[in-house]
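Protein sequences, first through last, are from chains G and P.
Position 502 of the first sequence, counted from 1, bears residue number 502 in the working numbering, the numbering being contiguous throughout.
To convert, take the position in the second sequence, counting from 1, and add 1000; that gives the working numbering.
Treat each hint with caution, since some may be false.
Once the Cα atoms are required to be at most 20 Å apart in a straight line, the calculated EDC-like pairs of lysine to aspartate or glutamate come out as [what the hints assert, rightly or not]: (1) P:Lys1385 <-> P:Asp1232; (2) P:Lys1278 <-> P:Glu1264; (3) P:Lys1153 <-> G:Glu354; (4) P:Lys1289 <-> P:Asp1232; (5) P:Lys1093 <-> G:Glu354; (6) P:Lys1110 <-> P:Asp1232; (7) P:Lys1308 <-> P:Glu1319; (8) P:Lys1093 <-> G:Glu339; (9) P:Lys1233 <-> P:Glu1089.
Derived CB-CB ranges, DEER-like [stated by the list, open to error]: (10) P:Asp1129 <-> G:Leu245: 37 to 47 Å; (11) P:Arg1127 <-> G:Gly355: 22 to 32 Å; (12) P:Phe1008 <-> G:Ile490: 28 to 38 Å; (13) P:Arg1127 <-> G:Pro483: 40 to 50 Å; (14) P:Lys1295 <-> G:Pro483: 47 to 57 Å; (15) P:Leu1005 <-> G:Thr30: 51 to 61 Å.
Since the hints were derived computationally from the structure, they do not count as laboratory data.
By construction, the Cβ of each residue, glycine as well, lies at the ideal position given by its N, Cα and C atoms.
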Amino acid sequence: MNYFFKRKAKRYPSSKSGTIKQSRDRQPLTCNITDTVDRIRESFKDMDDLIVRETRLAAFPDIRLALVYIKGMSDTASLQQGFLSERGARPHPDAFIDQDVVDYIKEAVLNLSETEEIRDFDALNTAIMSGDAVILAEGHALALAVGMKGGDRRGVEEPNTQSVIRGPRQGFTETIGINTTLVRRIIKDTRLRMESRQLGRITKTKVVTMYIQGIANDSVLEEVRSRMDKIDIEAVLESGYIEELVQETKFTPFPTVFNTERPDVAAAWLLEGRVAIFVDGTPFVLLVPALFGQFFNAPEDYYQRADFATLLRLLRYLSLFIALLAPSIYITFTTFHQELLPTTLLVSLAGQREGVPFPAFVEALMMEITFEILREAGVRMPKTIGQSVSIVGTLVIGQSAVEAGIVSPAMVIVVAITAIANFVIPAFSMGISIRMLRMAMMGLAASFGLFGLILGVIALILHLCSLQSFGVSYMSPFAPLVPAELKDSIIRLPRRIKLFGSGSTGKKKSARRQKGTIPSPEEEKRP
Amino acid sequence: MKLFLRSFPILMLLSFTLTGCWSRRELNQLAIAAAVGIDKTGSQYEVSSQIVNPGEIAKQKGAGGRAPVVTYSTNGATVLQALRRMTTESPRKIYFAHLRIIVIGEELAKEGIAEMLDFLVRDQEVRGDFYVVIAKGGKTAKEILSTFTTLEKVPANHLFTSLEMSERKWAATGKITLNELISNIITEGRHPVLTGIEIRGNSKIGTSKENTQNAKTPAVLRYSGMAVFKHDKLIGWLNEQESKGYNYTQGHVQSTVVVYACPEGGGGTMSTEVVRTKKTVKSRMVNGKPVINVKIKGEGIVGESGCKIDMTKPETISELERKTNEDIEGKIQQAINVIKKKYKSDIFGFGEVVHRSYPKAWKELKNDWDEQIGSLEVNVDVDIKIRRLGTITQSIEQKIKE
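With these hints in hand, go ahead and build the complete structure from the sequences.
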């Protein structure tokens, strides 16, 4: 399948990257402040929110200073305070007489802000665009970028997805700084490391890789770094862009990258030795490596009692089978294997099907598609209209279709339970995979009966077992079997119970690593 | 090669359509046969199928005007031929996987059922877990299947559940599946039995829906007695007592009622509910002749008492146990005697027991086993323990006396 996409992917970047490179300006700054300001004005032409202010310091009244920033993106209040206090303090000029004006600004005026020296126009533009205030000084071939990123941002709210009954109500926001801080507040350890990089040639989006030194698996970390380094893209608008580029290249309907809106989930995964990828501008944080079983764990599993959590997990796996197979099993039983049904049930089903014009497969397909349409319509509707959509949908598919004799009541039940079971799966990305596979299973069931269905399931299991997420087997700890990790898989044993000695997911010297299922970075080579 | 690789997935997907959904059949293309009746008219088989009308059965509200079942009936030189000819009458293909019961005409049974059973065993659609019964009392299987029943909309279901229930609670009938029947026919030292079914009342009204509209149903389907076979041929009937005696020896009695006269006399009767009986049939060789020992164990519950006896005394209970044992033993002996004297067909499977215990001696015995059965010594030992008296201890009769 890969084959289909390769050519397109290659063509895209080569055609446009050339034009973008031309606009790059690696020229060094000059000492002439007027020239520099003119050039800034030139490159920010037609942008009326660029503010250029000229000012002087009390200590260096002879040197012209220029302050450049973009309105709304910088928090100028602290900047102003620095300059004001410098003026009010009126320190003896001699104290700084042999000092450079730039050093003076750094030490005396803005001694609490983060500053960075800039020496070329490219960096200058980037600094301005990302919300820093830039100070230029007459006679100096460098600029001072002051970390003043600010402006309006959304506060920390309860996440819309992955809501819990019990657990913290904090959610990530669109601002990366807030997001990393939220996790830092949970893990107060110096071993929590962050690697920052800029991705997106135009958007220059900040992307932070977070892990815990000593817990995170080195080979996974290496894999994440190398895949991130290979990213060459114009724009990163959401973590989905990064997900698509770092996930496994093997063609699969299953997600190999987890995403979350919850700091507690991110922290839990980090503590398990995984790597979190924060992307500026989205509350969705990526977590790798993600294994199949983890898409069926809800954060609450760890906050509730273990026995209850275990029962809920069993329920979710049951729902997985219903969501994946219920319509296909109904199709096979009613069109190929009527002998497998109890007689009374068969008679009852046959009675319901009297006068239904379509084969069971077409009936099921119709209902499934109707449901998908309704769901899609409901997702993007404003909440008030969404309700009426669902009411109309219920009436149409539930009542009218049956009364009109287009579908049998049993089929409505099957489709309804399938849809509800699909919603039980906590991870939306996994839910989508199951939805797609359900249709394929229905096709197999309708053309080959139970035989085809079983073959389909076998093929699916083989595929799942062959998958890897960042070098870790997707079906771990079941295949390969890691007994120590089974205590937190389909079941969750109480924390006191230790199963087959200690061992926890992805940690440096876990059983999995000893077994050699995580290859070292040299072994693992992506195609 | 590139083109091939690129088109391969598409070709794979297209291959799905090539299957044409092989052997697919929708539920509303099936005629679900609930019962089949087989008679013999002249040299031809007359096969009747009771087809369920699912639309009428599944209907929740409103009594539909149409019959819940329809019975088709065709002739043929073989069963299969007759069944296939049935498509000329039925709009749908008849589906046998959900067959619940087969009724065999008495005349056919007398001629032998082996030939007609072959189709039922050979066909992959027929499951073999349905019950087989014999139409009794001069009625054909077709007539049995044409009778409407009230509680169960599908008469086949009525036959099925009524047979199961009567076997469980009365034990004078036997639910014998096709598989058991075949195994009984072909086992050495055993001959099959089948339960009889008859119509009581006006069988003419029975065939119309009117039958279900009276509080006292004019025509009732009723199980009665068991047919004794020799190999695959019917040779006679056991009455209710003998049938029960037969079922005791087979360990088929899960629960039944034993009635006897009061120990103190005076015309009153008592009944004991006998439950959980177990049989042990063993054979011994005495002077080169086989002797069969039948041992029945079980529990009794006093079900009804019209006697002026003191049931708090252990002696009374022993007396009741003795009476119960006597009754059961009598029934078993009655059944054995009728076989010994009249039918000479080892339906009890005594020959099988001898075969298992003395395989070498059996080689000699098997040739004229059915003749020997007339002089076979069978000892019957019944041991029923009365464990419970029900919710009251003394009978009302007893209270009046006081």
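- Query: Going back to the hint list, which numbers does this structure go against?
  - Reply: 1, 2, 4, 9, 10
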